[in-house]
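Participant: Read off the chains here:
Protein chains: 2
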Amino acid sequence: MAGAAAIGVDIGGTKVAAAVVNPTGAVLARARTATPHRTTAPAVVEQAIVDVVTQLRDEVGGQGIDVGAVGVGAAGFVSEDGEVIRFSPHLSWRDEPLRAELARRLGLPVVVDNDANAALWAESRFGAARGADDVVMVNLGTGLGGGVLRRGQLERGRFGMAGEFGHMCVVPDGLRCECGNRGCWEQYASGNALVREARALVEAGGGGSALVAFCAGTPAALTGPCVTQAARDGDPASVGLLQEVGTWLGRGLANVAAALDPGLFVIGGGVGDAGDLLLDPAREALARHLPGRGFRPMPQVVGARLGNDAGLIGAADLARRGRA
Amino acid sequence: MAGAAAIGVDIGGTKVAAAVVNPTGAVLARARTATPHRTTAPAVVEQAIVDVVTQLRDEVGGQGIDVGAVGVGAAGFVSEDGEVIRFSPHLSWRDEPLRAELARRLGLPVVVDNDANAALWAESRFGAARGADDVVMVNLGTGLGGGVLRRGQLERGRFGMAGEFGHMCVVPDGLRCECGNRGCWEQYASGNALVREARALVEAGGGGSALVAFCAGTPAALTGPCVTQAARDGDPASVGLLQEVGTWLGRGLANVAAALDPGLFVIGGGVGDAGDLLLDPAREALARHLPGRGFRPMPQVVGARLGNDAGLIGAADLARRGRA
Numbered sequence: 000m001a002g003a004a005a006i007g008v009d010i011g012g013t014k015v016a017a018a019v020v021n022p023t024g025a026v027l028a029r030a031r032t033a034t035p036h037r038t039t040a041p042a043v044v045e046q047a048i049v050d051v052v053t054q055l056r057d058e059v060g061g062q063g064i065d066v067g068a069v070g071v072g073a074a075g076f077v078s079e080d081g082e083v084i085r086f087s088p089h090l091s092w093r094d095e096p097l098r099a100e101l102a103r104r105l106g107l108p109v110v111v112d113n114d115a116n117a118a119l120w121a122e123s124r125f126g127a128a129r130g131a132d133d134v135v136m137v138n139l140g141t142g143l144g145g146g147v148l149r150r151g152q153l154e155r156g157r158f159g160m161a162g163e164f165g166h167m168c169v170v171p172d173g174l175r176c177e178c179g180n181r182g183c184w185e186q187y188a189s190g191n192a193l194v195r196e197a198r199a200l201v202e203a204g205g206g207g208s209a210l211v212a213f214c215a216g217t218p219a220a221l222t223g224p225c226v227t228q229a230a231r232d233g234d235p236a237s238v239g240l241l242q243e244v245g246t247w248l249g250r251g252l253a254n255v256a257a258a259l260d261p262g263l264f265v266i267g268g269g270v271g272d273a274g275d276l277l278l279d280p281a282r283e284a285l286a287r288h289l290p291g292r293g294f295r296p297m298p299q300v301v302g303a304r305l306g307n308d309a310g311l312i313g314a315a316d317l318a319r320r321g322r323a
Numbered sequence: 000m001a002g003a004a005a006i007g008v009d010i011g012g013t014k015v016a017a018a019v020v021n022p023t024g025a026v027l028a029r030a031r032t033a034t035p036h037r038t039t040a041p042a043v044v045e046q047a048i049v050d051v052v053t054q055l056r057d058e059v060g061g062q063g064i065d066v067g068a069v070g071v072g073a074a075g076f077v078s079e080d081g082e083v084i085r086f087s088p089h090l091s092w093r094d095e096p097l098r099a100e101l102a103r104r105l106g107l108p109v110v111v112d113n114d115a116n117a118a119l120w121a122e123s124r125f126g127a128a129r130g131a132d133d134v135v136m137v138n139l140g141t142g143l144g145g146g147v148l149r150r151g152q153l154e155r156g157r158f159g160m161a162g163e164f165g166h167m168c169v170v171p172d173g174l175r176c177e178c179g180n181r182g183c184w185e186q187y188a189s190g191n192a193l194v195r196e197a198r199a200l201v202e203a204g205g206g207g208s209a210l211v212a213f214c215a216g217t218p219a220a221l222t223g224p225c226v227t228q229a230a231r232d233g234d235p236a237s238v239g240l241l242q243e244v245g246t247w248l249g250r251g252l253a254n255v256a257a258a259l260d261p262g263l264f265v266i267g268g269g270v271g272d273a274g275d276l277l278l279d280p281a282r283e284a285l286a287r288h289l290p291g292r293g294f295r296p297m298p299q300v301v302g303a304r305l306g307n308d309a310g311l312i313g314a315a316d317l318a319r320r321g322r323a
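Sequence lines, in order, name chains A and B.
Heads up, the first sequence is in numbering that gives the first Met the number 0, so the first residue is 0 and it goes up one at a time.
Heads up, the second sequence is in numbering that gives the first Met the number 0, so the first residue is 0 and it goes up one at a time.
Next up, chain A with everything else stripped away, as it sits in the complex (with noise of 0.2 Å):
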């Protein structure tokens, strides 16, 4: 099993991704199909699966490659011994026992993880986490998802939902969130953070010109990636609000380093592609509010290497290993 290829797929709230994955980490061949959203019913999205992998497996067999598990990375709260997905925000999912049901119709080893532990794992095996044992992942895409490495394992948590750092309150009564509670750390550092931000500026007036042309003056046009390119451009507002973010991310990186004392963060995710224009401020953030600084080691913070692939190349390397 260790040397065979193994199909990874990754589950978001807007689609369904999977690629055949060989162990070294290399993406051999891709699929993509219809998105999902939180109407879409489990049966749905598990023939959606079905069918993304069967059709890898047929494509590649066809080059003699032997495709010998498949691994599932979902957005949601994946039960400590990843057999039911307990909730997904993004999808209908609630007490999914997707493991066993796909396994079943595949005939192949499945195993599910949430999709931040697996992207934290190929970064561990194959990117920007090589080599480290103590490190926390952290990724800001639409929320602000999270996972542990300890001692070179994923910790998952006494019910599977360790990580969920996104929903650490760091405002009390702050702004709203999607998950009910208010002030929570995604709702100051992530993607909908910064375009909610981003368009707020525009419509207050104070937006440079280079984000007003990215958006034809129509505020609700702007989008994340245009945020980040507008400041590489040299936007100055736009820098401004990825100093925000990064302020706020490194002020919620400083918390997670008091409960949890990593090695090293990696930041990944959308909002992560900004790099230092986003880290840089992050890093000041954790130095200024880092508890016992001056007198312990700083825990470094770097970017993300695999991208979007993370998710797919982390699910399959668990599923070639049985979920390490």
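Everything labelled a hint here was simulated from the structure, so no lab data went into it.
We put the CB at the ideal spot given by N, CA and C, even for glycine.
Hints are all accurate, no fakes.
If the Cβ cut is set under 8 Å, some of the chain A residues that face chain B in the computed set are:
1) R85
2) A161
3) E163
4) P171
5) A253
Estimated spans, in silico, between C-beta atoms of each pair:
6) T39/B x D275/A: 41 to 47 Å
7) G216/A x R195/B: 51 to 57 Å
8) R31/B x R287/A: 38 to 44 Å
9) L107/A x R150/B: 25 to 31 Å
List time: in silico SDA-like cross-link candidates among lysine to any residue, alpha-carbon distance up to 25 Å:
10) K14/A x F294/B
11) K14/B x F294/A
12) K14/A x A102/A
Got chain A; can you put chain B on it based on the hints?
Facilitator: Relative to the frame of chain A, chain B by itself:
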């Protein structure tokens, strides 16, 4: 070694306490020595430890009890390998190589760990967390200290500083903390916080008659145990003060649960003696703020059982086992 008695030493901001502890966690003999404080030289504290240990060894040696190892629980940042006290806010230690020095002087195996780790270990072996593998302990004493047990092992983090929950920021730009930051959790949930609010309440004229009686009209005379006693006696103002601290405790526990997902929280320290007067509001706030609530099991919140002896007993047991 595993069958022999061990000596546990608890070094806090105001005392060096020690005890001979047998393998079932029972205290066989005790000693206590002069109060170190933050201006006491490291060599003086070290000598105090050697003195109490020697005194106890002589005492139980006369009864035919052999001491096989010495464990030290210290209120400070202990390096990941247990060799060095990097920093203690309450003592003058800076990168002090305590373990090797004590082992040399005592001629016994010595282990050194953070005091909250030692207390958690004791609760997990002999107290409130017996049988639980994924536990977070939170001690509300002068400040707020913590420890993490994962898969039955103490988690110390990459640099030995995991579980420093007291300095997670819960209020941006909030109350000033001794650590140099603002808004740290321990400014809202600790013995110091309880006493500060109690004094302010009496000064403002809003304290119940019970509190005023306890301090004979002098707010500075109020202590945490006074407030707890007044609350037990039904004083509504004191009940309210514990509710306030308990609510902040629960809000912070929700943050810790988001990151670490333990199955059990054990609440210790002096304020923990208030029992359900503190824990019920904490449970309520935790239930209200826990991410994914309604779609996941809730962690339990219980009081510690071993009281002030937890640090001693845990340090002795860790020494017996060679710092598990």
